[in-house]
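S.K.: Sequence:
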Amino acid sequence: MTAARGMRNQNPGNIRRTAEVWKGMSTIQGDPDFVQFSAMKWGCRALVKTLRTYVEKRGLQTIRQIIGRWAPANENDTMSYIRSVSSAMRRDPDEVLHFSDDPLLYLDLAKAIARHECGPEAESISSDGWEFALQEAGV
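In the working numbering, the protein residues as written are 699 to 837.
Quick caveat, the hints were computed from the structure, so don't treat them as lab data.
Careful: at least some of the hints might be erroneous.
What the hints assert, rightly or not - Pairs of lysine-lysine residues, derived as BS3-like cross-links and limited to a Cα-Cα distance of at most 30 Å, are as follows:
#: 1; residue 1: K755; residue 2: K809
#: 2; residue 1: K721; residue 2: K747
#: 3; residue 1: K809; residue 2: K747
#: 4; residue 1: K721; residue 2: K755
#: 5; residue 1: K721; residue 2: K809
Stated by the list, open to error - Ranges of calculated distance between the beta carbons of each label pair, as one might list FRET restraints:
#: 6; residue 1: P770; residue 2: P730; range: 17 to 23 Å
#: 7; residue 1: S822; residue 2: P730; range: 23 to 29 Å
#: 8; residue 1: D806; residue 2: R714; range: 18 to 24 Å
#: 9; residue 1: G817; residue 2: N772; range: 18 to 24 Å
#: 10; residue 1: P801; residue 2: D731; range: 29 to 35 Å
#: 11; residue 1: S785; residue 2: A717; range: 33 to 39 Å
Note that the Cβ used here is the ideal one computed from N, Cα and C, for glycine as well.
Starting from the given sequences, assemble the full structure and let the hints guide the process.
M.R.: Shown next as structure tokens:
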């Protein structure tokens, strides 16, 4: 069985390719749509960094707001995605998340996104990879 695309690309959030040059990007980008990273820790870092940008620069505060931006309805079943992440985090989709009081919410959210994007395979991402991501992302 083939691994999920996000796992093959070492990009557990399935971050789309843009002009952005991410730290840890693979030299060769063979996927036409999604960024490929040289190691899973870099893909985890990019996921957490993006979430921080959504919260700190765009003012998004709830699962509904964040996932609405992360997985827009023109490409995704956004409502299903919101339900999936809310269930994984055991939080109401409209609850204000206080990231400044509990920065580990970034980790919970990132893991829930990775599970939704990559399925149960995302559970195999090492805790070292996530810890690296949090440190590198300044959480």
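S.K.: When the hints from earlier in the document are held up against this structure, which numbers fail?
M.R.: Of the numbered hints, all hold.
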